[in-house]
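Enquirer: Knowing the structure of chain R, use the given hints to seat chain W with the ligands on it.
As they're listed, the protein sequences go chains R and W. Under the working numbering, read the first sequence as residues -19 to 237, first letter to last. Under the working numbering, read the second sequence as residues 1489 to 1858, first letter to last.
FYI, nobody ran anything at the bench for these hints, they're computed from the structure. For glycine and all other residues, C-beta sits at the position ideal for the given N, C-alpha and C. It cannot be assumed that every hint is accurate.
The calculated label-pair distances, taken between Cβ atoms and stated as ranges, are [as the list claims (entries may be wrong)]:
{"id": "1", "chain 1": "W", "residue 1": "L1550", "chain 2": "R", "residue 2": "D163", "range": "40 to 50 angstroms"}
{"id": "2", "chain 1": "R", "residue 1": "I156", "chain 2": "W", "residue 2": "A1505", "range": "40 to 50 angstroms"}
{"id": "3", "chain 1": "W", "residue 1": "S1639", "chain 2": "R", "residue 2": "G173", "range": "28 to 38 angstroms"}
{"id": "4", "chain 1": "R", "residue 1": "D117", "chain 2": "W", "residue 2": "G1632", "range": "28 to 38 angstroms"}
{"id": "5", "chain 1": "W", "residue 1": "I1655", "chain 2": "R", "residue 2": "Y119", "range": "22 to 32 angstroms"}
{"id": "6", "chain 1": "R", "residue 1": "D218", "chain 2": "W", "residue 2": "T1821", "range": "34 to 44 angstroms"}
{"id": "7", "chain 1": "W", "residue 1": "G1571", "chain 2": "R", "residue 2": "G22", "range": "24 to 34 angstroms"}
{"id": "8", "chain 1": "R", "residue 1": "G152", "chain 2": "W", "residue 2": "D1542", "range": "23 to 33 angstroms"}
{"id": "9", "chain 1": "W", "residue 1": "G1627", "chain 2": "R", "residue 2": "R226", "range": "53 to 63 angstroms"}
{"id": "10", "chain 1": "R", "residue 1": "G152", "chain 2": "W", "residue 2": "L1765", "range": "50 to 60 angstroms"}
Residues from chain W that keep clear of chain R, each with C-beta distances beyond 12 angstroms, as calculated [as the list claims (entries may be wrong)]:
{"id": "11", "residue": "T1547"}
{"id": "12", "residue": "I1601"}
{"id": "13", "residue": "F1626"}
{"id": "14", "residue": "G1654"}
{"id": "15", "residue": "L1662"}
{"id": "16", "residue": "M1720"}
{"id": "17", "residue": "F1739"}
Okay, here's what each chain looks like letter by letter:
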Amino acid sequence: MPGDAHIIVRDLTMAYGDFVLMRDLDFRVERGDIFVIMGGSGCGKSTLLRHLIGLNEPAKGEIFYGRENFTSADRARRVELLRSVGVLYQSGALWSSMTLAENVALPLQEFTDLRPAQIREVASLKLSLVGLRGFEDYYPYQISGGMQKRAGLARAIALDPEVLFFDEPSAGLDPISSKRLDDLILELRESMGATVVVVTHELASIFAIGTNSIFLDPETRTMIASGPPLELRDRSQDPKVREFLRRGRIGGMEEVA
Amino acid sequence: MLGRTADGALLIRLAGAWRLSGGLPDTAPVERELAATPAPREVNFETSELEEWDSALVTFLLRVTERSRGRGIDVDRSGLPAGAQRLLTLAEAVAEKEDARAAQADASLLERIGSRTISAGTSLTEMLAFLGDATLTFGRLLGGGVRFRRSDLLLLIQQVGAEALGIVSLICFLVGLILAFVGAAQLQQFGATIYVANLVGVAMVRDVGALMAAIVMAGRSGAAFAAELGSMKVTQEIDALTTMGISPLEFLVVPRIVALASMMPLLCLYADFLGILGGAFIGITMLDLSVVTYAQQTIEAVTLGHLLGGMFKAFVYGILIALAGCLRGLQATTSSSGVGIATTSAVVTSIVFVISACGLFAVVFYALGL
Ligand SMILES: Nc1ncnc2c1ncn2[C@@H]1O[C@H](COP(=O)(O)OP(=O)(O)OP(=O)(O)O)[C@@H](O)[C@H]1O
Ligand SMILES: [Mg+2]
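Extracted from the complex, chain R is given alone in its bound form (with noise of 0.2 angstroms):
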């Protein structure tokens, strides 16, 4: 196997309750990709990023960080895990009780040894780093949503996480500012080199920044198709997968038509 895999799934089904989401689910994320999870919409991306950061339990099959059996580990070890990944929420999830300067620091105050004025200093990086330099004591309900996504961003880069997981991260905002949003994922990528893993619906993001993707498909309930993007778009044996990406349509729509 080529490179170094950062995160393995392995035979993994997703469900709530009886509902069987997805099945079979097997692929890797090596580090330094840009892995992209595709599929139409309520086929269960979110839920899948919510079971590789263990906010949902597998029904079946294990999820490993490295060579580390994340599903069997117990709490405080999955802690540990996690302290080196960073999670931009699709809404967001600023703690809205707290400043956006409050929001980076908290976890810098659970886990380093900073001095609080050394925290506030690292603090205002990341959210400059993010373009909101000066807002530190703004609360989140007083700025836009996409102000709130790049937000979000710095808290999940408070700690130089090695893997970063976004859902959605362009959904809602505008087309110039879903632009920057990619650009600084690069851009943060490039710099701290972390493995990237995110949820998108958007072409134009596919194709700028993933290296690495798989293909949700509701019907069948399992990946229909794994690979850089670009290659999926122009090689895929499968007519649902070139559909998505030439066209980009959503759900079955165009497929019966």
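Expert: This is chain W with the ligands only, laid out in the frame that chain R set:
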């Protein structure tokens, strides 16, 4: 309007206005035709007299289509307006997810009883698990290994303490008043009106002060905790804490319990005082007792044991209310109605907890001779 064409097809003639405001038309006549023998070969539409239409027509057509296909009869849509044809195609484009609807299908009575029982069982287990977790976390709190923000705690103390004084004053003054009023009516028969002071004093200090403060706080803070934690769940703020390795139990629940448990005894003390004040108001205005006599009588009646017992009860109620509020908040489903349900059930749960504890205390204190 229904008819058969020469070649055995069912012809549905649509005329007039088809508007949702006019209600949805019945498909029963069409279904009867479909079921008739010989079965129609296919279904056709004729719409030359159709005036205007909206979703009412499309809903009708979709149902007719489903019924016909269910009987293996073809539907020829070429007679329909182009717009309606396109909408129908769109509506049928994405195949229904089979088990998505199955999960919500109507359950029979027995099935519902069964699933209610199971969910009651689960909810009890969840409650016990939460209680266990909270206790463990408290163990660590005593060892100093629990992290939360001091500023959060201070803010919470302000919210559950100082800001609750107004409502506690009002309620407890009135309760004192009522107790004295009821007591006076009875005691007057024996000419023992002075004992109103004993009645009000002992009742307030031993039980009623703590209980009233608890009920006010259940409605105020229990609900607030559940709503706060519930909406944090909706906005994924709780998830963000968890993945960061910060236990929501330490970060959110512990400061709330500490705040309420430390403020409740003080609120109770304050409630006792105001209740006695309410009693004194009646004693002085209605029963012609002097301030000094009333005060002396109260001081003689109330012992330090009563006072401490009441405060201890308040302390326990505080813990129960905070636990119930946080538990319901963390259990909330991720929607705004989920938060509403969590808030309601937090108030109900805390009041049930508090009243049960009150009953238990009554028995235990009696057995201990306190
Ligand atoms: N808490 C839950 N309980 C039960 N079913 C759920 C729950 N959350 C999600 N689902 C179901 O799981 C499916 C996938 O949801 P998920 O949020 O993972 O989709 P997604 O691929 O991220 O979609 P989108 O692109 O629209 O964000 C949905 O069909 C939904 O019905
Ligand atoms: Mg999603």
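Enquirer: Does each hint fit the structure? Answer for all of them.
Expert: Evaluation of the provided hints:
no.: 1; hint: W:L1550 - R:D163: 40 to 50 angstroms; in the structure: holds, 46 angstroms
no.: 2; hint: R:I156 - W:A1505: 40 to 50 angstroms; in the structure: holds, 47 angstroms
no.: 3; hint: W:S1639 - R:G173: 28 to 38 angstroms; in the structure: holds, 35 angstroms
no.: 4; hint: R:D117 - W:G1632: 28 to 38 angstroms; in the structure: holds, 31 angstroms
no.: 5; hint: W:I1655 - R:Y119: 22 to 32 angstroms; in the structure: holds, 28 angstroms
no.: 6; hint: R:D218 - W:T1821: 34 to 44 angstroms; in the structure: holds, 36 angstroms
no.: 7; hint: W:G1571 - R:G22: 24 to 34 angstroms; in the structure: holds, 27 angstroms
no.: 8; hint: R:G152 - W:D1542: 23 to 33 angstroms; in the structure: holds, 31 angstroms
no.: 9; hint: W:G1627 - R:R226: 53 to 63 angstroms; in the structure: holds, 59 angstroms
no.: 10; hint: R:G152 - W:L1765: 50 to 60 angstroms; in the structure: holds, 56 angstroms
no.: 11; hint: T1547; in the structure: holds, 20 angstroms
no.: 12; hint: I1601; in the structure: holds, 19 angstroms
no.: 13; hint: F1626; in the structure: holds, 17 angstroms
no.: 14; hint: G1654; in the structure: holds, 23 angstroms
no.: 15; hint: L1662; in the structure: holds, 34 angstroms
no.: 16; hint: M1720; in the structure: violated, 8 angstroms
no.: 17; hint: F1739; in the structure: violated, 9 angstroms
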